[in-house]
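Peer 1: Listed in order, the protein sequences are those of chains A and B.
Its first residue numbered 1, the first sequence is counted upward by one per residue in full-length UniProt numbering.
Its first residue numbered 1, the second sequence is counted upward by one per residue in full-length UniProt numbering.
Calculated from the structure, these hints are not laboratory results.
The beta-carbon is built from N, C-alpha and C at its ideal position, and this holds for glycine as well.
Among the hints, a few may not be true.
What the hints assert, rightly or not - Only part of the chain A face toward chain B is listed, based on derived beta-carbon distances under 7 angstroms:
hint: 1; residue: Pro-31
hint: 2; residue: Ala-36
hint: 3; residue: Asp-41
hint: 4; residue: Pro-43
hint: 5; residue: Pro-44
hint: 6; residue: Gln-51
hint: 7; residue: Arg-53
hint: 8; residue: Ser-83
hint: 9; residue: Val-157
hint: 10; residue: Ser-168
Claimed, not checked - Derived lysine to any residue pairs resembling SDA-like cross-links, with alpha carbons at most 25 angstroms apart:
hint: 11; chain 1: A; residue 1: Lys-266; chain 2: A; residue 2: Phe-17
hint: 12; chain 1: B; residue 1: Lys-158; chain 2: B; residue 2: Asp-141
hint: 13; chain 1: B; residue 1: Lys-500; chain 2: A; residue 2: Ile-249
hint: 14; chain 1: A; residue 1: Lys-266; chain 2: B; residue 2: Glu-220
To be verified - Calculated from the model, a selection of chain A residues having no Cβ within reach of chain B, i.e. all distances over 12 angstroms:
hint: 15; residue: Tyr-4
hint: 16; residue: Arg-123
hint: 17; residue: Leu-137
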Amino acid sequence: MLWYTGRRVLQMIPVFFGATFLIYFMVFSLPGDPIAALYGDRPPAPGVIEQIRAQYNLDKPLLQQYLIYIGNFFQGDLGTTYSGRPVSDVMAGAFPITFRLAMLALVFEAFAGILVGLVAGLRKGKWFDASALVVSLLLISVPTFVLGFLFRLIFGVQLGWFRTTVSSEAPWGELILPALVLASVSFAYIVRLTRASVADNLNADFVRTATAKGLSRRRVVTVHVLRNSLVPVVTFLGVDLGSLMVGAIITEGIFNINGVGGTVYKAIVLGESTTVVSFIAVMVVIFVLANLLVDLLYAALDPRIRYAK
Amino acid sequence: MKRSRMGLSALALISVSALALSGCATSNDEEATSAGDASAVVSTNGSEPQNPLIPTNTTETGGGKIATSIFAGLVSYNADGEIENEVAKSIESDDATNWTVTLEEGWTFTNDEPVTASSFVDAWNYGALFSNAQSASYFFDDIVGFDYEVDSELTGLKVVDDTTFTVELASPEADWPLRLGYTAFMPLPSAAYDDMAAFGENPIGNGPYMLDGEGAWVHEEKISLVTNPGYEGVRKPVNGGLEIKFYSTQDAAYADVQGGNLDVLDAVPDSAFETYEAEFGERSVNQAAAIFQGFNMPYYLEHWSGEEGKLRRAAISMSINREEITDVIFQGTRTPATDFTSPVIDGYSDQLEGAEVLEYNPEEAVKLWAKADAIAPFGDSTFDIAYNSDGGHQAWVDAVINSVVNTLGISATGKPYPTFAAALEDRSNDALTGGTRAGWQGDYPSMYNFLAPLYQTGAGSNYEDYSSEEFDGLLKEGAAAETVEDATAKYQAAQEVLLKDLPSIPLWYSNVNGVWADTVSDVVFGWDSVPLYYQITKG
Numbered sequence: 001m002l003w004y005t006g007r008r009v010l011q012m013i014p015v016f017f018g019a020t021f022l023i024y025f026m027v028f029s030l031p032g033d034p035i036a037a038l039y040g041d042r043p044p045a046p047g048v049i050e051q052i053r054a055q056y057n058l059d060k061p062l063l064q065q066y067l068i069y070i071g072n073f074f075q076g077d078l079g080t081t082y083s084g085r086p087v088s089d090v091m092a093g094a095f096p097i098t099f100r101l102a103m104l105a106l107v108f109e110a111f112a113g114i115l116v117g118l119v120a121g122l123r124k125g126k127w128f129d130a131s132a133l134v135v136s137l138l139l140i141s142v143p144t145f146v147l148g149f150l151f152r153l154i155f156g157v158q159l160g161w162f163r164t165t166v167s168s169e170a171p172w173g174e175l176i177l178p179a180l181v182l183a184s185v186s187f188a189y190i191v192r193l194t195r196a197s198v199a200d201n202l203n204a205d206f207v208r209t210a211t212a213k214g215l216s217r218r219r220v221v222t223v224h225v226l227r228n229s230l231v232p233v234v235t236f237l238g239v240d241l242g243s244l245m246v247g248a249i250i251t252e253g254i255f256n257i258n259g260v261g262g263t264v265y266k267a268i269v270l271g272e273s274t275t276v277v278s279f280i281a282v283m284v285v286i287f288v289l290a291n292l293l294v295d296l297l298y299a300a301l302d303p304r305i306r307y308a309k
Numbered sequence: 001m002k003r004s005r006m007g008l009s010a011l012a013l014i015s016v017s018a019l020a021l022s023g024c025a026t027s028n029d030e031e032a033t034s035a036g037d038a039s040a041v042v043s044t045n046g047s048e049p050q051n052p053l054i055p056t057n058t059t060e061t062g063g064g065k066i067a068t069s070i071f072a073g074l075v076s077y078n079a080d081g082e083i084e085n086e087v088a089k090s091i092e093s094d095d096a097t098n099w100t101v102t103l104e105e106g107w108t109f110t111n112d113e114p115v116t117a118s119s120f121v122d123a124w125n126y127g128a129l130f131s132n133a134q135s136a137s138y139f140f141d142d143i144v145g146f147d148y149e150v151d152s153e154l155t156g157l158k159v160v161d162d163t164t165f166t167v168e169l170a171s172p173e174a175d176w177p178l179r180l181g182y183t184a185f186m187p188l189p190s191a192a193y194d195d196m197a198a199f200g201e202n203p204i205g206n207g208p209y210m211l212d213g214e215g216a217w218v219h220e221e222k223i224s225l226v227t228n229p230g231y232e233g234v235r236k237p238v239n240g241g242l243e244i245k246f247y248s249t250q251d252a253a254y255a256d257v258q259g260g261n262l263d264v265l266d267a268v269p270d271s272a273f274e275t276y277e278a279e280f281g282e283r284s285v286n287q288a289a290a291i292f293q294g295f296n297m298p299y300y301l302e303h304w305s306g307e308e309g310k311l312r313r314a315a316i317s318m319s320i321n322r323e324e325i326t327d328v329i330f331q332g333t334r335t336p337a338t339d340f341t342s343p344v345i346d347g348y349s350d351q352l353e354g355a356e357v358l359e360y361n362p363e364e365a366v367k368l369w370a371k372a373d374a375i376a377p378f379g380d381s382t383f384d385i386a387y388n389s390d391g392g393h394q395a396w397v398d399a400v401i402n403s404v405v406n407t408l409g410i411s412a413t414g415k416p417y418p419t420f421a422a423a424l425e426d427r428s429n430d431a432l433t434g435g436t437r438a439g440w441q442g443d444y445p446s447m448y449n450f451l452a453p454l455y456q457t458g459a460g461s462n463y464e465d466y467s468s469e470e471f472d473g474l475l476k477e478g479a480a481a482e483t484v485e486d487a488t489a490k491y492q493a494a495q496e497v498l499l500k501d502l503p504s505i506p507l508w509y510s511n512v513n514g515v516w517a518d519t520v521s522d523v524v525f526g527w528d529s530v531p532l533y534y535q536i537t538k539g
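The whole structure should be built from the sequences, with the hints applied where relevant.
Peer 2: And the structure:
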């Protein structure tokens with residue numbers, strides 16, 4: 001297992017270089033001069049633009065720009081944004097809040113989703129199952145921004161239970177509403193995955209054997225049915241952690257959270273390669289690690305799974 | 001000149017009345033002068049400044065509203081866009097070329113350094129210096145000694161003594177003092193020059209507000225300002241400070257006013273155009289602002305230059321139903337254009353000769369288009385208007401295109417670019433295939449600022465390369481005019497040239513749309529769409 005983990009970690013190296021170069025290339029290829037566009041309809045003196053382009057190495061060819069960036073990267077310097085802030089500062093501002101939001105959403109969707117899915121699976125065809133299916137279908141089909149606006153309007157403006165936007169201190173209480181919105185779609189998928197998996201496993205041989213051995217229903221359900229049903233759900237959660245970290249852009253926008261999604265979006269629009277690439281690099285690492293964690297969890301959940309040397 | 005003297009007398013009047021007040025005001029003047037809690041902090045919307053807060057590098061609105069709050073220049077603007085003296089005691093000239101600026105004594109920065117003539121002269125030299133690459137450097141280009149190519153001292157600035165300096169301009173400009181309230185012309189304390197980047201993080205100013213200690217600026221989140229106890233100018237705050245929160249969407253900011261988390265919002269989102277007046281009633285504003293919007297037709301395109309071009313430009317202009325678009329698409333939050341400036345600018349007019357070209361007149365439009373076709377047929381060509389699709393322009397571009405199609409029966413379409421940068425690239429490389437969205441927000445309340453940067457031959461924002469000797473001549477005469485009235489007449493005549501040539505087809509002026517919570521009162525919006533924060537009372 002150690003060997004397996006080590007090999008997986010080593011695989012990150014080519015992924016890292018490939019991904020960062022590709023992203024750098026894509027931002028580089030965006031049409032237009034990012035510096036000239038910074039000033040909107042009122043261009044500064046031409047000399048000013050040239051000097052600032054040189055300051056950010058934008059006057060150099062692509063490969064040279066990338067090598068300068070990577071060179072600095074390994075010395076711990078991630079470059080600066082076009083407003084002169086170190087990218088590391090921007091990261092220190094954006095990642096913690098997005099991470100907290102993603103964790104809250106993940107906890108919510110995992111607990112609530114598995115619970116609802118389990119009950120629905122056990123009572124397949126009953127009213128609880130039917131309504132769980134309808135609600136999950138609804139959540140999947142309603143776009144996140146609609147739900148976000150709706151929740152903000154109802155619980156924020158009209159009922160006043162939650163703050164309409166998240167303040168800069170961002171206590172956990174203010175993150176509940178955005179986390180619910182963020183978790184909604186994944187929650188629906190988890191309900192459906194768990195339900196299908198539980199319903200399948202209920203008819204499996206090992207469950208019949210366990211019941212025949214005279215185990216209590218409670219033990220059969222929690223140890224034999226649920227544990228085996230979690231393999232696809234954990235796969236989903238692993239991938240979802242990644243997308244919750246990077247894909248919260250709509251939710252972050254609605255609740256004015258200064259997180260990863262919004263920062264990267266803004267940086268892309270500005271053509272700010274250093275920021276985009278640095279953020280993507282961290283995201284790549286998060287994705288790879290989350291997938292590794294999922295693969296390792298498989299063995300814990302299903303004893304039949306072994307890792308190749 | 002006249003204007004600055006008027007400003008001085010206004011200041012004198014204010015100080016006289018202030019004296020009168022303090023003279024008779026031992027008993028109950030507190031209720032009389034300001035309701036509300038003098039220590040309450042007013043929260044308002046903003047956006048992360050593009051650069052560290054160095055006045056000469058702050059040319060966008062996010063940083064601008066902070067810079068004007070923490071700095072006081074020679075003059076400041078009142079709600080109507082008229083100048084009032086701040087640090088200046090007088091700004092005088094006999095020939096509109098050589099100016100003598102005298103400072104009021106007693107002004108200090110918040111680090112107790114006195115504001116002297118050098119505070120201005122050094123700051124302006126810093127802003128103008130080529131290698132400092134300041135975005136506002138071109139604001140100093142009419143001062144003797146300025147150079148766009150190499151480092152060069154502004155030799156036209158001379159410190160006479162601590163409270164006097166002289167300015168020599170390259171050519172006469174009667175309304176030169178009008179621009180001095182703009183952020184680029186703010187003074188800097190000598191501490192700034194040691195480390196300008198660090199200074200920009202924690203700027204030390206002389207304005208009505210100051211930063212609430214180190215780290216008051218939480219990047220991408222907010223900036224906290226408190227009143228500057230040492231400030232004695234015309235913008236003395238009646239509240240305890242400002243919290244400017246940065247929003248990524250206007251929509252989130254609007255929800256915060258509704259939810260009671262924000263006091264004042266100066267930009268209502270499109271999604272609330274229909275409802276905000278009903279919801280906020282008296283606590284909302286919809287007034288004209290110094291923002292001109294239109295679209296430009298480049299001269300390098302076939303069919304759009306010469307006599308044929310003039311006819312086509314007029315025909316297109318007359319085929320657009322501005323009234324209907326501003327009512328239907330913008331719900332009355334835009335005002336149809338009648339000139340090239342803005343209703344809040346002195347000298348604005350809806351009576352210019354030739355302004356009827358901006359009225360909806362389908363019959364005349366068809367006639368003019370046919371006349372142009374007689375010169376050279378338009379044939380199967382398509383008329384398009386380029387816009388950046390990340391700026392919310394699609395709705396109105398489509399409406400304008402529809403108007404044109406319905407009136408002239410030609411093939412026309414909107415041409416979206418993914419980002420502003422992409423649109424700008426084709427614009428500056430003369431690679432457009434049709435018209436392009438164009439907008440201008442005034443830097444300072446003067447007609448000159450709406451005309452020279454956009455239409456003068458070779459000017460910075462004149463991307464479509466319009467060039468007219470008659471227009472340039474009138475602009476120069478206007479700048480050199482002895483009095484502001486003469487200047488206005490020249491600028492209006494210059495616009496009449498524009499109305500004939502139509503380098504830009506004016507559409508409308510953007511209004512400022514603001515709302516505020518019931519926690520605050522006395523909210524008045526200035527000429528620049530920013531509320532006069534110092535007047536707002538809370539509690």
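Peer 1: Work down the list of hints and note, for each, if the structure agrees.
Peer 2: Hint check results:
no.: 1; hint: Pro-31; in the structure: holds (4 angstroms)
no.: 2; hint: Ala-36; in the structure: holds (6 angstroms)
no.: 3; hint: Asp-41; in the structure: holds (6 angstroms)
no.: 4; hint: Pro-43; in the structure: holds (5 angstroms)
no.: 5; hint: Pro-44; in the structure: holds (4 angstroms)
no.: 6; hint: Gln-51; in the structure: holds (4 angstroms)
no.: 7; hint: Arg-53; in the structure: violated (10 angstroms)
no.: 8; hint: Ser-83; in the structure: holds (5 angstroms)
no.: 9; hint: Val-157; in the structure: holds (5 angstroms)
no.: 10; hint: Ser-168; in the structure: holds (4 angstroms)
no.: 11; hint: A:Lys-266 <-> A:Phe-17; in the structure: holds (23 angstroms)
no.: 12; hint: B:Lys-158 <-> B:Asp-141; in the structure: holds (16 angstroms)
no.: 13; hint: B:Lys-500 <-> A:Ile-249; in the structure: violated (48 angstroms)
no.: 14; hint: A:Lys-266 <-> B:Glu-220; in the structure: holds (12 angstroms)
no.: 15; hint: Tyr-4; in the structure: holds (41 angstroms)
no.: 16; hint: Arg-123; in the structure: holds (40 angstroms)
no.: 17; hint: Leu-137; in the structure: holds (27 angstroms)
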